[in-house]
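S.K.: Once you have looked at the hints, place chain B on chain A.
2 protein chains.
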Amino acid sequence: MTAFGWSLAGTDGRGRAGTFHTSHGDVCTPVFAPVGTQGTVKALTPDQLESLGAGLILANTYHLYLRPGHQVIARLGGLHGFMGWNGPILTDSGGYQVFSLADRRDVDGDGVTFRSHLDGTEHRLTPEKAIAIQEDLGADIIMALDECPVPNDRDAVEGAVIRTHNWAERCLEAHTRTDQALFGIVQGGIFPDLRTDSAEFIAGLDFPGNAIGGLSVGESKPETLAVLELLDQTLPEDRPRYLMGVGSPEDLVEGVVRGVDIFDCVLPTRMARNHAALTRQGRLNLRRAEYIEDTRPIDPACDCYTCRKFTRAYLRHLSVSGEMLAATLLSIHNLHALVHLMDDLRQAILELRLNAFAEEFRDGYQKHRDPEA
Amino acid sequence: MTAFGWSLAGTDGRGRAGTFHTSHGDVCTPVFAPVGTQGTVKALTPDQLESLGAGLILANTYHLYLRPGHQVIARLGGLHGFMGWNGPILTDSGGYQVFSLADRRDVDGDGVTFRSHLDGTEHRLTPEKAIAIQEDLGADIIMALDECPVPNDRDAVEGAVIRTHNWAERCLEAHTRTDQALFGIVQGGIFPDLRTDSAEFIAGLDFPGNAIGGLSVGESKPETLAVLELLDQTLPEDRPRYLMGVGSPEDLVEGVVRGVDIFDCVLPTRMARNHAALTRQGRLNLRRAEYIEDTRPIDPACDCYTCRKFTRAYLRHLSVSGEMLAATLLSIHNLHALVHLMDDLRQAILELRLNAFAEEFRDGYQKHRDPEA
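Those sequence lines, one after another, are chains A and B. Its first residue numbered 1019, the first sequence is counted upward by one per residue in my numbering. Its first residue numbered 1019, the second sequence is counted upward by one per residue in my numbering.
These aren't lab readings, by the way, just hints derived from the structure by calculation. Wrong hints could be hidden among the right ones.
[As the list claims (entries may be wrong)] Chain A stretches covered by chain B per the calculated footprint, using a threshold of three residues with CB under 8 Å from any CB of chain B:
#1 1052-1058
#2 1083-1094
#3 1099-1112
#4 1305-1317
#5 1334-1343
[What the hints assert, rightly or not] Restricting the straight-line Cα-Cα distance to at most 25 Å, the calculated cross-link-like pairs of lysine-lysine (BS3-like) are:
#6 A:Lys1239 to A:Lys1060
#7 B:Lys1060 to A:Lys1327
#8 A:Lys1060 to B:Lys1060
#9 B:Lys1239 to A:Lys1060
#10 B:Lys1239 to B:Lys1060
[As the list claims (entries may be wrong)] One-sided and incomplete, this derived list gives chain A residues near chain B with beta-carbon spacing under 10 Å:
#11 Arg1291
#12 Tyr1323
#13 Thr1329
#14 Thr1346
Positions of the beta carbon are idealized from the N, C-alpha and C atoms, including for glycine.
So here's chain A without its partners, still in its complex pose (with noise of 0.2 Å):
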């Protein structure tokens, strides 16, 4: 029996609203993750995340097997205490990070062998491998194994697709704690009829949730949308459904309108860290000269500490004095502006208005796109 339970309050359209129970505690779905790759997010403390409104945090096998170790890690009582985070995490299987390595790996029916980007040194990555390093670091979420190609290589995406069901079994069979969910990953590139072979063998699993994977890795926004709405059509409607990688602020959106419960991207601290802020009414970059003297906030609207205190006079003081408090204050505002995003999106659920929340917002950056209009 796992910890881990998944029940729905409300749906409207495609849109679900609803809560995940782990043993650190529930979060609220949909719901974005913010990424803390070597087991921190990037510049903000968890005292911080967790004021800012975080429910789910994911950290990253690949980094966190490499540094500090998984039997580090296991050996210091597991990645909550680690991190100092006491909320619901979740690992990816180190997959994604490996087959990004290029020219650094190599892949095989039975897993993939790799050299490290910090030293060279050679490892290997199986399914059970992978499996065995989740439990050590012991998130709430795991992700079985996957293999993520160039989405419209159909050979390619063919093969990928066939290691990924094994490897998908083969991390079920591996699985041990009854503390953790692991969770099974579609792919199928941009190819419907891969797609829905793979949702559908991977939904027979019966994994507690499902993840579609191999998605904003080159495909056009249409190509993403499309398959989106396939899946919506075959995985199962009582689990939940995660997309992984994905988390602009119109990508939650049309994500959440087609069924999508959980999302995590790098996108808010990485454009936090280039001085960018999400708002909106579209992005600014405080480094631009128009807010030498702007007294506003990053966004009237906002109520995050940074918007709070924080004038862009200051924050564009900070950006190009290259202070670290300037990625600190705009990690805060970002992920605060994505987080209760998710809020609002399952307000309007529950409130049976998400077509009307979503096109609302659609203009809004229709808007911005087109300052003329």
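M.R.: Quick look at chain B alone, frame taken from chain A:
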């Protein structure tokens, strides 16, 4: 009338416990002021600064004059609002940084011409300009323009003392804001006669507080302490004394024992960015391999946020992984350590056990320097 005042709560030997009053609140002395060079104490939010117990903070006139500019900050409502710090602020005159520019500055009797380290543009700082800039910045305590020479070059020191005295008079003349306290600065290098002359001259100008400049800039530790002991006999006892740019734990203790009330230094935050933590038992380099599975906090006796929440193992991981959070968490700890060392010193003065406290403190440091002892 200035809003600034300082009242003595008790003395023990030469040590003084007091309170200074500003229009942004009271601060107990002795006090250590964290340095917010560019209008931010690096890697910390104002909330984190307040939580760790900071009272007074310092900002650098040179940096803020160049970027974003004092007039910009004035139009934005002054430094307090700009950086979101509602407690007392002290600004230096800009002189120290300008004199540090070496081949980029040219001093004369009237002031100093220098080229910006940012873009090479030429600027001129005079006593009147230093005051005008600081009035625009709006700190609670501001400093007279002085010249800080190499401390053991008698000719250079004599010239600097003459200019410093003349500039002190001009600063007093130029200063108009009644809600700011203007402090004078004593120079004189390591030369007892020049130091005494300078202290008498500056004391005669009746500043509400007096600073000791030109120390910790290359002279030996016994030379520093000898100057402090000498000045303690000359500077008025009813005004606070500020030892500029000094802030190692051992220097704070030795300064308080010799009648100093205010200190500032980048040391604790710079050390934090270099992975070093201050403890009563000496300094820890958190990158060392010995901490990889060390589940202790930096200092088991410390109750700062970092020590309450995180292990040395995690801090080591953040440090070796190049994560910004390492700088934040170590800055919190190091500043907390110094702020609370000052609290302990104050308590020891009020309880008439300052010498015993200082002896115990020196013993701890001595043991660390010689681990075989």
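S.K.: Take the hints in turn and mark each one as holding or not.
M.R.: Evaluated hints:
Coverage of the segment 1052-1058 of chain A by chain B holds. Counting CB-CB distances below 8 Å, 3 residues qualify, and the rule asks for three or more. Given a C-beta distance limit of less than 8 Å, the hint that chain B covers the segment 1083-1094 of chain A holds, as 5 residues qualify and 3 suffice. With 3 residues having a Cβ less than 8 Å from any Cβ of chain B, the segment 1099-1112 of chain A passes the three-residue criterion, so the hint holds. Proximity of the segment 1305-1317 of chain A to chain B, defined as three or more residues with a beta carbon under 8 Å from a beta carbon of that chain, is established by the 3 residues found.
For the segment 1334-1343 of chain A, the stated coverage by chain B is satisfied: 8 residues place a CB nearer than 8 Å to a CB of that chain, which reaches the threshold of 3. Distance check on the hinted pair: Lys1239 of chain A and Lys1060 of chain A sit about 28 Å apart at the alpha-carbon level, beyond 25 Å; violated. Annotation: proposed proximity of Lys1060 of chain B to Lys1327 of chain A holds, straight-line Cα distance about 17 Å (limit 25 Å). At roughly 15 Å between alpha-carbon atoms, Lys1060 of chain A and Lys1060 of chain B fall within 25 Å of each other, so this suggested pair holds.
Under the criterion of a C-alpha separation no larger than 25 Å, the hint pairing Lys1239 of chain B with Lys1060 of chain A is inconsistent with the structure, at around 40 Å. Restraint check for Lys1239 of chain B and Lys1060 of chain B: not satisfied, since their Cα atoms lie roughly 28 Å apart, outside the 25 Å limit. At its closest, the beta carbon of Arg1291 of chain A sits 9 Å from a beta carbon of chain B; the interface hint therefore holds under the 10 Å criterion. Against a cut-off of 10 Å between C-beta atoms, the interface hint on Tyr1323 of chain A holds, since the closest Cβ of chain B lies about 7 Å away.
The interface hint given for Thr1329 of chain A is met, as the beta carbon of that residue sits about 7 Å from the closest beta carbon of chain B, less than 10 Å. Given hint, Thr1346 of chain A at the interface with chain B, holds; its Cβ is 7 Å from that chain's nearest Cβ, closer than 10 Å.
Hints 6, 9 and 10, counting from the list given before, are not met by this structure.
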